[in-house]
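*Asks:* These are the residues of each chain, in order.
Number of protein chains: 2
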Amino acid sequence: GRLTMGSMGQFRPTRSATGDLLSATSMRLATFYSRSRKGRWCKGETSGHFIKVLSVHLDCDRDSLIYVGDPIGPACHTNAPTCYFTTLKREEDGKVREAGTHTSRAESPLPTLFALERIIADRRAQAAVEGAKPSWTAKLLSNPELLCSKIREEAGELCATWEEDEGRERTVSEAADLLYHAMVFLNHQGVSLEEVSATLRQRFAISGLVEKAARKK
Amino acid sequence: GRLTMGSMGQFRPTRSATGDLLSATSMRLATFYSRSRKGRWCKGETSGHFIKVLSVHLDCDRDSLIYVGDPIGPACHTNAPTCYFTTLKREEDGKVREAGTHTSRAESPLPTLFALERIIADRRAQAAVEGAKPSWTAKLLSNPELLCSKIREEAGELCATWEEDEGRERTVSEAADLLYHAMVFLNHQGVSLEEVSATLRQRFAISGLVEKAARKK
Ligand SMILES: [Zn+2]
Ligand SMILES: [Zn+2]
Ligand SMILES: [Zn+2]
Ligand SMILES: [Zn+2]
Ligand SMILES: [Zn+2]
Ligand SMILES: [Zn+2]
Ligand SMILES: [Zn+2]
Ligand SMILES: [Zn+2]
Ligand SMILES: [Zn+2]
Numbered sequence: 001g002r003l004t005m006g007s008m009g010q011f012r013p014t015r016s017a018t019g020d021l022l023s024a025t026s027m028r029l030a031t032f033y034s035r036s037r038k039g040r041w042c043k044g045e046t047s048g049h050f051i052k053v054l055s056v057h058l059d060c061d062r063d064s065l066i067y068v069g070d071p072i073g074p075a076c077h078t079n080a081p082t083c084y085f086t087t088l089k090r091e092e093d094g095k096v097r098e099a100g101t102h103t104s105r106a107e108s109p110l111p112t113l114f115a116l117e118r119i120i121a122d123r124r125a126q127a128a129v130e131g132a133k134p135s136w137t138a139k140l141l142s143n144p145e146l147l148c149s150k151i152r153e154e155a156g157e158l159c160a161t162w163e164e165d166e167g168r169e170r171t172v173s174e175a176a177d178l179l180y181h182a183m184v185f186l187n188h189q190g191v192s193l194e195e196v197s198a199t200l201r202q203r204f205a206i207s208g209l210v211e212k213a214a215r216k217k
Numbered sequence: 001g002r003l004t005m006g007s008m009g010q011f012r013p014t015r016s017a018t019g020d021l022l023s024a025t026s027m028r029l030a031t032f033y034s035r036s037r038k039g040r041w042c043k044g045e046t047s048g049h050f051i052k053v054l055s056v057h058l059d060c061d062r063d064s065l066i067y068v069g070d071p072i073g074p075a076c077h078t079n080a081p082t083c084y085f086t087t088l089k090r091e092e093d094g095k096v097r098e099a100g101t102h103t104s105r106a107e108s109p110l111p112t113l114f115a116l117e118r119i120i121a122d123r124r125a126q127a128a129v130e131g132a133k134p135s136w137t138a139k140l141l142s143n144p145e146l147l148c149s150k151i152r153e154e155a156g157e158l159c160a161t162w163e164e165d166e167g168r169e170r171t172v173s174e175a176a177d178l179l180y181h182a183m184v185f186l187n188h189q190g191v192s193l194e195e196v197s198a199t200l201r202q203r204f205a206i207s208g209l210v211e212k213a214a215r216k217k
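So the sequences go chain by chain: P and Z. In terms of our numbering, the first sequence opens at residue 1 and continues consecutively. In terms of our numbering, the second sequence opens at residue 1 and continues consecutively.
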């Protein structure tokens, strides 16, 4: 059947942790067809954990939707931030093992920079283990003067790939250096990549409904 | 039913654009149940556009999988890189309009930095339009000396947020500044964020099967 957007934004939630936010008329909330309830179900209508929809994308044969949104609270009924906290791994003997629990993000699928953010946090945690050989990441975290001098150095090295015409391979490598050291700095400052991403989304009006609604006011 | 990984890696494709790559025994290829064919279907077995699976994630109630993978060629039968090239937008009058075509990525859902990459490319294209007021992005692209001085400046400003104890809000803002200017630099050098991400994945052994297989050799 043809998909319509009729199921979006028509719910007036009766309770939520952030009531005034959800009563904004510009708000769209992720809504699904529930097979068990045999009807429309606005995620969050019982838990308060709504998902604010920023944009809706339809696939080529019109049988699948992606909601891009900001979750209000955990997305999963287990209180995990995502339902996909389990990884399937095949062992040497061909058997499938499951890894991951709803209390850890270690096995969730993540874009590369978010995975890197997690690795940096892991190395910070490992550094606290007695007798562990400190990683380069842990060394940088314990020495912010060194970290800052590396950030300045890598920024300069990135620029030099153009200034000295070193070629695009060097640009890739130096950009990776700079991103990594900037990510370690974010961990040191207790800042998440998501906060930086949210700032960029706001500055560049990325992803759609919320910013457009805001501009109208 | 309980999901198993039995459907992974059991296909030996008979033809492909990159035959030697696909004949590697460590390769896992994304495989689906096809309702129309009523059987297992290895995406790419007719088109050659396989998807190399890096990791497999299972949701909390075990009825949905995410494959994280590297596509070999376009993912969609329309030759688009993604099937989700259509955005649904609701107009003032409540009607739903569709935007996007399979030849453009403008409406595809993307992580923030990839969306920013696209915006930078758009501004570059707009700068070529006669009479258009050049954006700050276009100005930077036409003046790489300025761009490099900005990258060094923003790296210094990021470090200063710790050195001068300016607080985490400033760290978020300066990190956004630095990321934006580094992304403009990548565009100037003709380097994609995906190349930088791939380098980081390789360095940090992010996401899973492929790197692990490589380490065994
Ligand atoms: Zn489909
Ligand atoms: Zn869940
Ligand atoms: Zn659930
Ligand atoms: Zn260096
Ligand atoms: Zn470097
Ligand atoms: Zn499920
Ligand atoms: Zn498609
Ligand atoms: Zn500045
Ligand atoms: Zn700045």
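Read the hints as simulated data drawn from the structure, not as lab findings. Among the clues, some could well be false.
Repeated chains share a single entry, so a pair holds when one copy, or any two copies, can fit it.
[Unchecked claim] Only pairs whose alpha carbons sit at most 25 Å apart, straight line, appear in this in silico DMTMM-like list of lysine to aspartate or glutamate: (1) Lys52 - Glu164; (2) Lys133 - Glu117; (3) Lys133 - Glu194; (4) Lys52 - Asp122; (5) Lys89 - Asp122; (6) Lys52 - Glu194; (7) Lys139 - Glu166; (8) Lys38 - Glu163; (9) Lys95 - Asp61; (10) Lys139 - Asp59; (11) Lys95 - Glu164; (12) Lys95 - Glu157.
Here the structure is a predicted model, which means the values were calculated and not measured.
*Asks:* Look at each hint and say if it fits the structure.
*Replies:* Hint check results:
no., hint, in the structure
1, Lys52 - Glu164, "neither (47 Å within a copy, 37 Å between copies)"
2, Lys133 - Glu117, "within (20 Å within a copy, 38 Å between copies)"
3, Lys133 - Glu194, "neither (30 Å within a copy, 32 Å between copies)"
4, Lys52 - Asp122, "neither (30 Å within a copy, 27 Å between copies)"
5, Lys89 - Asp122, "within (21 Å within a copy, 40 Å between copies)"
6, Lys52 - Glu194, "within (16 Å within a copy, 28 Å between copies)"
7, Lys139 - Glu166, "between (29 Å within a copy, 23 Å between copies)"
8, Lys38 - Glu163, "neither (63 Å within a copy, 58 Å between copies)"
9, Lys95 - Asp61, "between (35 Å within a copy, 21 Å between copies)"
10, Lys139 - Asp59, "neither (46 Å within a copy, 36 Å between copies)"
11, Lys95 - Glu164, "neither (52 Å within a copy, 54 Å between copies)"
12, Lys95 - Glu157, "neither (46 Å within a copy, 51 Å between copies)"
In summary, the structure is inconsistent with hints 1, 3, 4, 8, 10, 11, 12 from the numbered list given earlier, while agreeing with the others.
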